[in-house]
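Colleague: One-letter residues, chain by chain:
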Amino acid sequence: MSGFFESQVMLEALGPATLIAVVASSMSVMVLAHRLAFLAVGVSHATLAGLGIAVVLALPLLPTAAVSAVVVALLLGVISPQRGMNEDAATGVLFAGAMALGIVLLSGASKHEVDLFGLLFGNILMVSEQDRFWLICGSVPVLLALLVAARPWWAMAFDAASMRAMGLPVQAYRLMLYAIVGLTVVMCVKLAGIVLTAGMLVLPAASAWLWGRGLLSMWLLSLALSLAGTWLGLYVSYLHDLPSGATVVLLLCAVFLVSRSAHWLLHHRKAGQSH
Amino acid sequence: MSGFFESQVMLEALGPATLIAVVASSMSVMVLAHRLAFLAVGVSHATLAGLGIAVVLALPLLPTAAVSAVVVALLLGVISPQRGMNEDAATGVLFAGAMALGIVLLSGASKHEVDLFGLLFGNILMVSEQDRFWLICGSVPVLLALLVAARPWWAMAFDAASMRAMGLPVQAYRLMLYAIVGLTVVMCVKLAGIVLTAGMLVLPAASAWLWGRGLLSMWLLSLALSLAGTWLGLYVSYLHDLPSGATVVLLLCAVFLVSRSAHWLLHHRKAGQSH
Amino acid sequence: SAGGIVTTLPPLTGLVLLLDADVDVHCLLPPGADAHDFQITPRQAQLLKGADLLIRSSYDDRHWSGLRSNKQVFDLWPDQGHAWLSPRAVRDRLPALAATLQKLSPQRSEQIAAALEHALTSSKVVEAAWIMALAPLYESGVIMQHNAWQTTLREFGVPVWGVLETGHHGDDIGPRQLENALELMRKHPGAVLWGNQRHPDRALYWLREHRGEAEVKLLRFDPLGDCGMTWPQLMQRNLDLLAGHASQ
Amino acid sequence: MAANPPALRLNHVSFGPADARILDTIDLQLDAGHFLGIVGPNGAGKSTLLHIICGLLQASDGHVDLFGECLSRSSRRRLLSQVRFLPQRQESMSSMPVKVRNVVGMGLDDYHKALWFARRNNEQIAHALALTGMQKHAEKDFRALSGGQQQRVRLARALVSSPKILLLDEPAAALDARAQASLYELLRKLCDDTGMSVVMVEHDIAAISDFVNSVACLNRKIHHHAMRGETIPDHVWRDMYGEHMHIVAHDAHCIGCVHPEDKP
Amino acid sequence: MAANPPALRLNHVSFGPADARILDTIDLQLDAGHFLGIVGPNGAGKSTLLHIICGLLQASDGHVDLFGECLSRSSRRRLLSQVRFLPQRQESMSSMPVKVRNVVGMGLDDYHKALWFARRNNEQIAHALALTGMQKHAEKDFRALSGGQQQRVRLARALVSSPKILLLDEPAAALDARAQASLYELLRKLCDDTGMSVVMVEHDIAAISDFVNSVACLNRKIHHHAMRGETIPDHVWRDMYGEHMHIVAHDAHCIGCVHPEDKP
Ligand SMILES: Nc1ncnc2c1ncn2[C@@H]1O[C@H](COP(=O)(O)OP(=O)(O)OP(=O)(O)O)[C@@H](O)[C@H]1O
Ligand SMILES: Nc1ncnc2c1ncn2[C@@H]1O[C@H](COP(=O)(O)OP(=O)(O)OP(=O)(O)O)[C@@H](O)[C@H]1O
Ligand SMILES: [Mg+2]
Ligand SMILES: [Mg+2]
Ligand SMILES: [Zn+2]
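Protein sequences, first through last, are from chains A, B, C, D and E. The C-terminal residue of the first sequence carries number 275 in the numbering used here, and the numbering is unbroken. The C-terminal residue of the second sequence carries number 275 in the numbering used here, and the numbering is unbroken. The C-terminal residue of the third sequence carries number 248 in the numbering used here, and the numbering is unbroken. The C-terminal residue of the fourth sequence carries number 264 in the numbering used here, and the numbering is unbroken. The C-terminal residue of the fifth sequence carries number 264 in the numbering used here, and the numbering is unbroken.
Treat the hints as calculated values from the structure; they're not laboratory data. Possibly wrong hints are sitting among the right ones.
[What the hints assert, rightly or not] Covered stretches of chain C, going by a simulated chain B footprint (3 or more residues, C-beta under 8 angstroms): (1) 173-182; (2) 197-204.
[As the list claims (entries may be wrong)] With a straight-line cut-off of 20 angstroms between C-alpha atoms, the simulated EDC-like cross-links for lysine to aspartate or glutamate are: (3) E:Lys99 with E:Asp141; (4) C:Lys49 with A:Glu129; (5) E:Lys136 with D:Asp109; (6) C:Lys187 with C:Glu215; (7) E:Lys164 with E:Asp61; (8) D:Lys164 with D:Asp239; (9) C:Lys187 with B:Glu6; (10) C:Lys71 with A:Asp241; (11) E:Lys136 with D:Asp19.
Beta carbons are placed, not taken as given, at the ideal position from N, Cα and C, and that holds for glycine.
Excised from the complex, chain A in its bound form (with noise of 0.2 angstroms):
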């Protein structure tokens, strides 16, 4: 493995990335039965916003972007189901807004202490101590969440109203998700930075999507096909010294293209072999 395991500041990177990959691809599965990949892009740049509130008002900076993140999220889960608005378009309002704000109060301040590219790109071969410890923060609630309410959020995604109408608190689980995917964002941030959470978020599911057939066997293939992404972009990353974060990505996005090939080859096969 040409050094792989005896390189020390890959064996560091490992746990937290596959922490990140068992939270980001448990999440995924919602993501993509929700149609929250556009609130997950929308909530990693929001963070942004939150940066630039935290420079302007002197508050501390990953905290405050954490917040912004989840509250975004939240105004999202508020407004989204109103009347006359479709999820798409609140997202990208959101979105412009909460970008626009952040340039803007970003521009005031003095910005030498902000890590913009850290935010932007992140970097998940430097976790320091405390990340690590923020990391397994995050995380226990995401995982908590996930057993209390995946199931109502799986059948909130195939048919909300009917739950509703069973007296279910459809708004009440339908912001805690929101929430909990801005939480889990804010933690893919820290490592993939804000450009590549969505691939974090997405790819997992996406890649698992057509071979599912509910629930559990989906939860279980994207997390199985996520760590394998996540094992071996490190790897390659390693391999070719290549950047961490963006190599996973790649990788996963590979995962997602063999996965789709596989399955319309065995699809094609079998349609061809009917005629």
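The hints should help you fit chains B, C, D and E with the ligands onto chain A, whose structure is shown.
Modeller: Showing chains B, C, D and E with the ligands alone in chain A's frame:
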């Protein structure tokens, strides 16, 4: 007007900004109707991948980015109607893939000539003669396509299956729409940057959405609101010396909020009266 | 890995090489890359982890996250940006750097001490060359987009009429700033537009496009150089750039 | 609370702005085991009424009692867990991969509990599928079913938890002739055997009249409430589908449009 | 080309994999002015058949002729402009603001032309709305209509351009009793007066038998094609809804499941 109309900088920016506002707001109606806000965001980010490819293969930067944006848009048009993949997820996958590819490619290359920040944040104030030329070249096909295909696009957004059953080439119209959105995105990116493009392509129609009663009224209204927002934004940016692109988008956000609240008030008052 | 010295930016490597040509020194920022969108790769992270000494200039690289986990860190300029471009600042910090290097490799202590002497004199030579080369600019002054060279030029007494980017680079420059720059350029018709090669000097190009009748020169320098270039070489390269443009 | 409160009671329920009511002071009572059919022209407010009963819409006036208790924010969850609703059309066809078995399972009360609570209710699910004749499709992907088959699966989902009140909005719309008849029979049987109450919106009064206990003629208000066997007077039909149509057909905000009640 | 080719002709049309046909060698011919009803159990392939006729699905075998010409990629646009299709359900409820009038206008051939070509066809639109009794709602927002009202508007859209072939998939599903009857009457009248041909899928054979020219009993293949007045033999019903249901109900890929045709 505190020198706004004496300022050479602002007067020069007025023309391109107005052109962009016209083109973007016209397309924004279609973007909202077809739920392409995420596509616009995805395509704008995909220019980064185009840039990466251009740098690695030593191609001219901007044309490659433009072509790659249109290609990505078309790719989404081809893959998204397929079974088992909703558009949101498909866009998320392409978004993630493009970003990861762009970053990996750019990381290995010498980036002397890549204006990454210009691409990310744009600058509406510093438009060269050449930019101006390309802008006009870009808006002609967009406006022409709108004149030709606005009604089929609108009808498709409402009910594509029936249109296909009428024998209309729905898929061709869809690809055309995606390509034109891609082109509009490239134009917006040139002036407003990747991160603000979504605002120009979503906010005008989102503001007009609740008031419109059909294609034409929606179109005219979003045109008017977009022009108002753009001009006011330029003025405010001059007044307070703020980054112009972001200020314009912020003003468009303000227009959106005002429009929403006005609608809500009117609606609420009406509902209130009736009790 | 085998230890050695890791620097964040190429000019810091140049300073180390000036004092100790035999030392094992690696630079994190790859040649040609922009310090602002630096992303560490696995091998670099490994180098950093195993390094005996990290040399940085935290005013310029403080936004690089995760640089803390090292055995020893020597921070050359915690409160001055692009300070290696100023011969005076270099002269001020070279002895401390030499002391650190001596501690790291005591066996070469004497060589380093000798090199320090030599370096200090060569910095004076460089300074003199710059004063000569900058002579035509004392009248006309400069307008720059990024503030890399601001301190240095001020030290040499070259008037800096305007710096377009106040903070970090990548600012979406506000309209007034741009307008002021336009006015400055008209007020100081001979002013040189002072740019950087690894920096999108878009505002400068725009200014040049709006020069009107006036004769305006746009010069682009290289404040970072490449890894392996010693500090005098870096300064000479920029002198060449200045001379090359001047002779055009 | 009375010893035997009615399963459902609507008290002066109105909906819509006061000058253009979609529903106007509806009073209705349903005992356990009662099978109520609702007929009325398009746009009469039938779907709206069902939405109000199951709390998807909030009545502008009046209130809904379920099992003798007022339906409110706090009682909502408890009361509605006994109620199942089959909407006129599914809001958006989701492209999620779900097995038919799991779709039916979503109707169970404890499906929505945390993962470690979930029990297996395979018999219940199989039973519900058998009721609607879909047991053979249990392992299929829901997306691969035809319109009528999907409707039957949704019906099974509504039945799986043996609700006390079942609200059906044109359930037979996509069903074939045979399935329609057996659906009505099934509902009748469940009402008799388990004391379930059913409110069903259906256009074809002839088809349902053999099975229901009563039929309510709704068009903005309840024009008539006929018990089984009773014939509905002609003037009711005229009122509902005839002249009155013009009122319904009017724009709700049109000025100068008089309601028939305002006429002397 | 014959002097008077049939409006529609299906030649050995099959659909689905060879070992699990959804449609099996369907032959069908429809003359101008013919009103064909299709009945069959859920999952019989009725919607699939309509989709094949209007080119939304591609037959696995056989081909479709419209007006004597084969429906192909190149003839598609020309031929289908004379055909209108009303699907079983609208794919996704769009939240776009569209006036009812404009929804109907989308059925016109020249609606989809460039903006500078567009003529005003207000009379045509008003006429189509009047046919389905929705003329009063012309200026309303489509989203504010009830399920049945929306269905009527879509019907008007299908009728507005006076198509030569009309394909209707359970058009009466959401309509009230009165509107159902008048829909069938209207279709009969249009067939007689304008020579339009209609293919309508409907479950309630009793309701349509007075209006149609013929009824086809479909379940994977056409079991019977009865002219008006002719009674459908009992064994056809048994075949369609009875034993045969088990075949349809089977998973298409199940092993060991024999087709009744394979039996001796
Ligand atoms: N998307 C799909 N993928 C796979 N199989 C499908 C799909 N859609 C329908 N089928 C199958 O094709 C068969 C026929 O479906 P179709 O929708 O044509 O039935 P139908 O006659 O219209 O029934 P209904 O009366 O319920 O509308 C069914 O057995 C169904 O399972
Ligand atoms: N979202 C809405 N906004 C405004 N008005 C609405 C909305 N939905 C329904 N309406 C109006 O409320 C009235 C009743 O609608 P409802 O859906 O309850 O009718 P219905 O009796 O179920 O008719 P159908 O038989 O067609 O299903 C209609 O006149 C309709 O125009
Ligand atoms: Mg209804
Ligand atoms: Mg069907
Ligand atoms: Zn800089």
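Colleague: Quick check: which numbered hints come out false for this structure?
Modeller: 5, 7, 8, 10
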